[in-house]
Every structure is written in structure tokens, then in C-alpha cells.
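One-letter residues, chain by chain:
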Amino acid sequence: MNYIKKEVKQGINLHNINTNKFKTNLYAVFLATPLSRENVTKNALLTAVLRRGTKNIESQVLISKKLEEMYGASFDCGIEKTGDNHIIKFYLETINEAFLPEKEELDKKCIELLFDIILNPLVQNDGFKSEYVESEKKKLKQIIDGKIDNKRTYSFERCVEEMFKDEPYGLYKFGYVEDLEKITPQNLYQYYKELIKKCKIDIFVSGNLKDTDINNLIENNAEIKALEARKSEYVENKENSEKIPVREEKVVEEKMQVGQGNLVIGLSSNSQIENEKFVMSVYNAILGGGANSKLFQNVREKNSLAYTAGSTFRRQKNTIFIRCGIEIENYQKALDTIKEQIEDMKNGNFTEEDMENAKKLIVSSVKGISSEQDTEITYYYGQELSDTFTTIDDYVTKINNVTKSNIEEVAKEIWINTVYFLRD
Amino acid sequence: MEIIESLKLKEKEYIEKLDNGMTVIIIPKPELDKKYVIWGTHFGSIDNRFIMPNSGEEVFIPDGVAHFLEHKMFEQPNGTNSLDTLMALGLDANAYTTNDHTAYLFECTDNFYEGLDEFMDYVQHPYFTDENVEKEKGIIAQEIKMYDDEPGWRLYMNTMDCMYKENPIKIDIAGSVESISKITPDVLYKCYNTFYNPSNMVMVVCGNFNPDNILEEIKKRLLPHEKQGEIKRIYPSKEKEINKPYNEMEMEVSLPLFAIGFKDMEDNRNKEELVKKHIAIEILLNMIIGKSSDGYKELYEKGLLLAEPDMDYEFSDEYAHIVISGQSQEPEKVKEKVEESINFFLENGLDDEHFNRIRKKVYGDYVVEYNSVGDIARMFLSDKMKGINSFDYIEKYNEVTKEYTETVLKNVFKKDNMVMSVIRGKK
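Chains A and B, in that order, are what the protein sequence lines are. Heads up: the first sequence runs through residues 1 to 424, numbered per the numbering used here. Heads up: the second sequence runs through residues 1001 to 1427, numbered per the numbering used here.
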């Protein structure tokens, strides 16, 4: 395996992925903390404030200049929900030194810059620079308000919110406007200091690099040395997820000025089967995974009801989301057609061939993981947050071992949790 | 086979022009698990009037035919759909239509040659009936409506409307619900027979291939075809000015969207020159409104830009323009700043440190393009359709000097050629 993990200090891990497939090296740092209404907005704002400047490089323009000088190395940060954790992500991608027109020590510069941004923020009056905080608050407000701009992602987010109402996963990853007002440069900085002390920290390095050299650079970095060992607080993702008690399906309709209706349906499962998530994954691929799926074939091809019709499986939450864009007056017809497909799955109305197609689809995407640097990092980080470590090879085997009767067993326990429809 | 090597990138490109006129480009990537093949025809949404080489007949087609044809190519006489067949092999298959070309592709880790059988079979076997053409109209109408609800797409179309009076770039790639209603099997066959002749097509493969072997595998799957003469495409004559400097529209958006355009009226037929010009334009865009520019800094601090705008130079023989787009509470202020920066550079010249730094960044951006088989293959195809070899962006890089870039600034970023389009939220 090209993947090695090493503990730097308790709660802080260094992961090396050795690969010669890319022209670039990718560095990633993830801070994990449990999702909560109290902190979700702070995390989103914090991410934005950190990228504004450090004690050494005081402004974003100076950071940008530095990156441009490093042959357009690209820095990015963002936030993600992974299971019930809120993850603050930082990435720095740079060209591998072998492809530079002239020799330069880019990797060393990358590591210094990355940790400088995350761990050495610009502080004034025992708080972040207030100008940065105020302007990022405004921008974050615009991002939160901008949720409605893309109707497809909006509908999806709304379905998640309704389905996981009053649960951490139902929270919007960018937070809430009303919570923004309470944040000051000082209380945000206090929060940051606590977070850095307690969060789970994972550092990933992917590329054609010598582990020993790069690990030395990281472990000897002054900012990393200054960190304390911690018993990190985060929510471990369980391979056997907790079940939601079956309840009557929740139907939510929302009106907005749109030409096309967006239908999103959340499915839950109550099965007790072993390797449930692998079975769910194959179930999902048969139902709505690709052009061969039941949804694509019946909603789009047979009935011309939609251009997009498919489903995705959110592994950490063991949930399937069906999504389609339809003519508004076709709502009932589309819903009926979708429900027929779910019934079909229950009744075992799918062939061995459907099974094979679905498995090939998943296996092919799993085999492709190592062809993208960030995807490979995300895969191993997913394993890091989970209570079980599955190698890519094991993953493929477990998918291939799913049987038709496994799928039928799970299909009987799958139920419609929430139906969300955005219409005019 | 012709071999072109890029020493800087440590990559090789093998090019073969087959007897039937088709070009095959092979970029071996032995270290990668994924394989990618893309087959393109030089037929896009702008090609709506042409003369068929064999009959000499002049044909006008409804808007959206190239895209409609792309959808219909997957359907087979035995009732199967090739997209399904390819997906069933575990391949990731797709197709897309742009302004100037249509492309069919798949990516995989296993079963490449089984995939290639089906892939080359379906692209060479059209099957259009009254019934299957009718059915597609419903699906494409939904696709058109999906785009109609996307503010970003509407903004782009409105920007084209500012820049051009008659140019077919103004046509929506998918056409309109009304225009596609006129599409018949006869129209589709005429276009297929004209544009899907091998002499109008390019295939690019990228992945772990031996160039000689893969070339043979491709050749043996090609059906015999007579080489056809040149397709005469008829376009409206070049316009010497913009259509209108400004337009705006209301849609449900939280924050206005803006696009600032510069119509490039220069003659771009010299392709090597065009590559250099493209590099210079990318450098200039970064200097004018990129992340480290003074203009961006000021707008960002005032909260008038949330992120670096998207910057793009789009061109073919029929059109060429720059589009800077993003979201801002006050789009006019962004436009003023862009103008101010351009004027400053025109008066004072480009700063050496700034120019060299951005030049390094642009070099890095080109290198990163070589990270995945898909990016590489799509880039080589799309550049080839424009008469460009993708390696030239790395090879010509050194020729783009500060003085050269200053000339491009003067010739392309002209106030008279500047437009703006805005989408505002409903009041």
C-alpha cells in the first residue's frame, strides 16, 4: 500500500500517500470537531478569517503574491459536514519540483505557509483583526443568503435539513445569519484557541516525495511543535449506523419563482444486515446510480419526465437521496414512478445483470480513487474518521460480495423518510 | 506517426493522420490506472448553415441540432442505448456539445477494449426514427428549462447578446423548445452524413497505451469511408463593433451577477500567434483583477467582490472575446475598477515584478492541466478543434515578454469593445 500513517502527537496524525501519478504535490490539513448549532457559524467564519492574514504575512494580497511566486501554488480552505463532524479543511497544491523551469525549494515554502495560515493568525487586542472579521461576516451572510441561488443544491440542502431536523446533520454547513451577529473578533479568537487545543488534527501529504524529508520538515515546523497532545473530540463514524425509528413520510413543499420543479426524496434504512453500507451502496446504484439505473430508465427514458433523475448514497448517514428536476405539473406522476421503483426493489424486481452493472459502476469509481489526489486523501480521511479501516482492495471485495438476497433484505427495510418539492 | 515531446512536462504526443482523413492523437501515461478516449467532430452549435460536400446542397438547420444529434447517437436499432451498454461495462461514458464541436467519450480502469468496441460502433451507426426523435424532444425541453433557471448561464447568453449582433455564438447550445420542435430524422441524417465523416473528426486517447498498438486497435474498428471534400460553413460576416454596451435582467438571485466582456476584433488566424496572445491575455487578466491585484484588493476589502472573478478568453475563427464574471452588490464599481486598472497599465506600462510573478503563476496553471487523463484528452481535443497544439502553451511561454503583453493590452482591452451584463435579484 502506498499509504502510511504516523502519530505526531496524541490527536495529531500525519498521513503520507506516495504517488507518481501527478505533476503536483498536495498538502491537506483537516480539523475535526462535533457539529453543533453553537459552533457551526463560528467554524464557517473562522475558516474565512484565517485565510485573510497571519502574523508573518499580514494580508490576503500578500498571501496571494507569495502563492503566485511559487508558480501559482493554490491554497484553498473550506468546511464540510462528514457524518456528525464539522471539518475545517485547508489545502495547498503545488507543482512537483521536477517540473519547474528552474530549481526551487517549493515544498519547504509550502509547509511553512500552510501552517502559518492555520496556526499563526494575525491577532490584535486579544482578538482577530476586527476589520477582517467584520468583512468576512458580511461575506458569510451573503453566502448564507445565497443558498437560494442554485435551485438544485438548495432543494437538496432543504431536504437534508427537513430530514435531520433538530439533529447535528440537519445543520447548514455555513451556519446561520442570526448567529453571526453575536460573533466578535475577541470571542471568535477565544473559540479558535479552544478549538486548536481540542480538535482532531490530520495532516495529509500526497505526491512523489521522500517521506523522511517531508515528515522532518513537518515535525520540525515551529507551529506544529508548539501544539499540545490532546484527547481529540470528534464523532467517530460507525460502520453499523444507528437507526431512525420508522415514521410516516414527511412531505414538504416550498414555493419560489422557478420554471422547473425540484424533487428530492430522502430514504432511510432499518436493516440489521452485516456490511449494510456496502449493500446500501449497491442498492443505490441499481436504483439511481447511472444511466442503467431504474430511476434514469423509468423517470427519464421511459416517461420523459426529467432530464436529471438519479440518487446518491451518503455513507456516513446511511441515507439515500433521490433527486430529479421535473415539469411542475408532473409532480404526482414522477412521485408515483419513483415509488414504483422503490417497490420494485422490495419485490426483487431487478436482475442479476442489474446487480453486475451496479457493482461495476461502484468498483470502477473505487478503483479510480487513486487517480485523483484530493479524492485519495478524502478516502483515507474517511477511514480515519470511521471506526473501521477498509483498504481500497477490501472495499472492492465487499462490494463484489453483495448478493441479490442481501439487496432484497435491505430493500424491505428501506422507507421514505422525507419528500421535498420546490415548485412555483 | 509524428512525435512531439515536451521536455518541460516530460510528456509525449503521437499524432497520426489516417488515410480517411481522421486525426488520432495519443498521449501515453503509463503511470496512470485510468484510460480515456474522446472522439470529436468539428460540429457545434454555431454551424447552422453549410453546404454538403457531396451533393452541393445548402442546408439551414434549426438551432440546437448538434446537441440533439449528440443525444440521439446513443440509441441503437435493437432498442438498446449505448450509454447504458458502456455504463454496464463499468465505464464512465458521456458526451457533450460546445459552440464549435461535439464530443463522445469514456473513461475506465478496466474493460477498455470492450468499451472501445461499443463506443466506435455507436458513433458510426446513427439510428433516427420519427418516434425516437419525438421522444427526445421532451427530455431536451427539460434540459433547456434547467439551464433557463440557472442565472450563470443566462448571464453568459446575455453577455454574448451585448457583444454580437448576428453571430451564431448567441444561439443557446441546446436550442429552444420551439426550435427543437422542428427537428426531424432527415435533418439529423444530413448533419450526420456531413459532419461525422472521419475527415471532420479527431480522436484523442490518453492512458497506459503503447502508441502503435492502440492506433491499430482504433484503425480496425473504423468502417470504410470515402474521404469527403471540405465542408463549406456559412457564417454571418464579421462585425466591426459591439451590439450594445449593457443589458440587465431580473431573476431570483440573492446578489447581482455580472459579466464584463471585451470583444476581440483582431484577426486570429495565425495559430501560433494566437497561443502567445492567449497566454498574454491570461497574464493581463490576473494583473487587472486577479487575487493579488490592487483592484481586487480594494473591491474585496469593500465587500464588493466575494471571490476572484472567473476570467476566460474564448475564441474560434468566428468569434473571440474575454469574459470576466462574478457576483457583486455593485457591478458598476467592479467595471470602473477594471477600467481604471487597464488605463493605469496603458499609461504606466506593466510593473516588472508583478509581470514576472504572474507569468510564473500562469506557467504553473498550465502544468496542473496535466494531472488527469480526462483533462489532458479534453484539452488536446478542444485545442485541436481550434487548430492549436496544447503543448504550445508551455513551449511558447518564454516568448511572451512584457513588451509583447503590453501590445496585447493595447489591442484587445479597448474601451469601445467593452460590454457589461447584469442579473439582479427581484425587487
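If you're looking for bench data, these hints aren't it; they were derived computationally from the structure. Source: prediction; values computed, not measured. It is possible that part of the hints are untrue.
[Said to hold, decoys possible] Computed footprint of chain A on chain B; a stretch qualifies when at least three of its residues, placed anywhere within it, have a C-beta under 8 Å from a C-beta of chain A:
| # | stretch |
| --- | --- |
| 1 | 1087-1098 |
| 2 | 1145-1155 |
| 3 | 1167-1176 |
C-beta: ideal position from N, C-alpha, C; glycine also.
Task: Stated coverage of the stretch 1145-1155 of chain B by chain A [criterion: 3+ residues, CB within 8 Å] - done: The restraint on the stretch 1145-1155 of chain B holds, since 6 of its residues have a Cβ under 8 Å from chain A and three suffice.
Open item on the list: When I compare C-beta atoms, does the stretch 1167-1176 of chain B have three or more residues closer than 8 Å to chain A?
Closed with: It is violated, with 0 qualifying residues against the three required.
Task: Within 8 Å of chain A (C-beta), three or more residues of the stretch 1087-1098 of chain B - done: holds (count 7)
Going through the hint list in order, the structure does not satisfy hint 3, though it satisfies all others.
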